[in-house]
Amino acid sequence: MFFQQLANGLAIGSIYSLAAVGYSMVYGVLGLINFANNAFMIGGAYLLILFFVWKGLPLWITVILAAVLCGVGAMIMEGVSLRYIRNIGSSDISALICTVGYSTVIINLEILIFGSQTNPVPSLFHFDMITIGNVMLDPMQLIILGMAVIMMIILSYITYRTKTGVAMRAISQNTQAAYLMGIKVNNIINLTFFIGTVCTAVAGIMIGTYYGAVDTGMAFSIGIKTFAAAVLGGIGSLPGAMVGGIVVGIIETFIVSYVSAGYRDAIAFIILIVVLVVRPSGLFGKKPIMKV
Amino acid sequence: MFKKFISFWAANEKIITLIAFAIALVYPLIFSGRYYIDLAIMCLVYSLLSLSLNFITGYCGIVVLGQAGFYGIGAYTSAILLTRFGWSFVVTALVAVAVSFLFGLIIGLPTLRVSGKYLSIVTLGFGEIMRIIELNAIGLTGGPFGIKNIPHPDIFGIVLKTPVSKYYLILALLAISIIAVENLTNSRAGNAWFAIKGDEIAAQSIGINTHKYKLMAFAISAALAGLAGAFFASYVNYIDSTSFTFETSILILSMTIMGGLGSIPGSILGSIFYTVLPEVLRFVAEYRQIVYGGTIILAIMFKPDGILGGFNLRQIRLFENLERQKAARGEEA
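As given, the protein sequences belong to chains A and B, one line each in that order.
Residue numbering for the first sequence follows our numbering, beginning at 120 and increasing consecutively.
Residue numbering for the second sequence follows our numbering, beginning at 590 and increasing consecutively.
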């Protein structure tokens, strides 16, 4: 039972990690909570239905197409609106309201095209269950876990080993200084939105296949948990988002099986609040330096 | 053009406020249809909520993402007392305000030490926890079935059954709240909040107990939201947790931002904008929500600080008086 729940928790947690990365990367460069992230997340699942089920494209093309389309959507959002608001020197909170507006538009576009009912998502792979000891493993979970790990490795490589990644980290430390060093700040921010949203969209595809269904209500119910995961790990920190996602996923599955299904999200948030009060920057976040 | 209008407003603030209040008073006589009255009541409820959020966000600089939590506490407290114990609305509304105030204190005491955006996230978590409790504590809140048959509000034995009488009730509640907020922000505490918003560390250095004042603002803001909740419960006669979600919190925040942080008329204008817009957009039928979202994006891009953001009427008035005096002195010399 314990190891079974651990396996389930790991699988769902790895999805949360990927979506949390979307929040975390944007927060890292702009200090902005991007509420449109949820809309892009289920957008990935909806595009899977569009391309894979309706149009009959091969799976790998579908996944790439869905992820890239969501990423481009986020780039448009940043390039058209958020950059404009940033340039006229307005507060972060206006940008936040702007992302809420985008979230409304995207979610209602999805409802317009796919209907407000719950859309079934076909299972992408058919394998028998694997039994190790008395733990039943669904190969689906292993594929999700594997894909999440691969995405994380690529992402870590981009952030820590490439010039673009250095530029991203420079911007998140000090935008002005990064600008003076000749970094094209706007382009890098745009690219960060793209990369973060690609991860989120892949997470959305996985959520769709994991639950076998997608509806717009999931944008909120799952989105808010991935946000909690990003904060728990330390928002703006990449390893933090990964660990935070796994922790939230495992806590959730254990609470459902040992305590109560109704209160599972409440307990996740109570842990979040306690962590924030005790250690405001999250588990992995750097403590901000107070300057006068 | 807009600047001129603002300076005219600043010069004649009292008269314009009175005219606005007079319009609000005669509104039900002109638009007597049920639809228009209900729309106006929702505008006023959201104005009260927006005012409550403006109090903490506009005057103290703390962005609260869980205001619907306090709104829900007020609504459920009043509804439970009305349906189970049959208390009078005046009493239950007061208890609802007190309970929301207490919750504000309890939540604020440990969490207000957390700074900036993390505090916003804490309030988001609080709002979600409240919603989940409302949904799951079936014995107390009816869970997913909500609380039905909440009696109409009554003031000292007079039951307010008609929508028009409820309209005047919420108008009175809003007016009282606005006067209270106005007086609070013009007091010594108001100066402290203003200082905290400007720079918290600087405020500390001149001897302001920032934690105390932030806690005070947080609890008062919660109490105002609780008042709105208590009215809402009696107005719709039925509540469930879907009225007090994160979306509601974001809607209230959007209204406050759209109106302009720190501006009371702004809060009301923002609430009217967000309440009336979906109704105006009925003609686009199924594209309504998309156009609605698009309008929000364009509006916030066009005026990122909100309609009345960055305008302090009192400050403008003082400044213009000064200019006028300068000009007068110039003539003498």
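These are computed hints drawn from the structure, not numbers from a lab.
Hints should not be assumed to be uniformly reliable.
As the list claims (entries may be wrong) - Straight-line Cα separation of at most 35 angstroms, DSBU-like style, residue types lysine-lysine; simulated pairs:
# : chain 1 : residue 1 : chain 2 : residue 2
1 : A       : Lys-303   : B       : Lys-706
2 : A       : Lys-282   : B       : Lys-592
3 : A       : Lys-303   : B       : Lys-915
4 : B       : Lys-706   : B       : Lys-915
What the hints assert, rightly or not - Listed next, the stretches of chain B that the computed footprint assigns to chain A, with coverage defined by at least 3 CB atoms under 8 angstroms from CB atoms of chain A:
# : stretch
5 : 720–734
6 : 739–747
7 : 820–832
8 : 837–848
9 : 869–881
Predicted model only: the values in this text are computed from it and were never measured.
A virtual CB, placed ideally from N, CA and C, is assigned to each residue, including glycine.
Taking the hints in turn, this is what the structure says about them:
1. Proximity of A:Lys-303 to B:Lys-706 is assessed by CA-CA distance (about 27 angstroms); at most 35 angstroms being required, the pair is judged to hold.
2. A distance of roughly 47 angstroms separates the Cα atoms of A:Lys-282 and B:Lys-592; the hinted pair therefore is violated under the 35 angstroms criterion.
3. Annotation: proposed proximity of A:Lys-303 to B:Lys-915 is violated, straight-line Cα distance about 48 angstroms (limit 35 angstroms).
4. A hinted pair counts as satisfied when its Cα atoms are at most 35 angstroms apart, and B:Lys-706 with B:Lys-915 does not qualify at roughly 43 angstroms.
5. Residues of the stretch 720–734 of chain B lying with their CB closer than 8 angstroms to a CB of chain A number 4, which satisfies the three-residue condition for coverage.
6. Restraint check on the stretch 739–747 of chain B versus chain A: 0 residues with Cβ-Cβ distances below 8 angstroms, three needed, restraint violated.
7. Figure legend: the stretch 820–832 of chain B, annotated as covered by chain A; annotation inconsistent (0 residues with Cβ-Cβ distances under 8 angstroms, at least 3 required).
8. For the stretch 837–848 of chain B, the stated coverage by chain A is satisfied: 5 residues place a CB nearer than 8 angstroms to a CB of that chain, which reaches the threshold of 3.
9. Requiring three or more residues with a Cβ within less than 8 angstroms of a Cβ of chain A, the coverage given for the stretch 869–881 of chain B holds, as 5 such residues are present.
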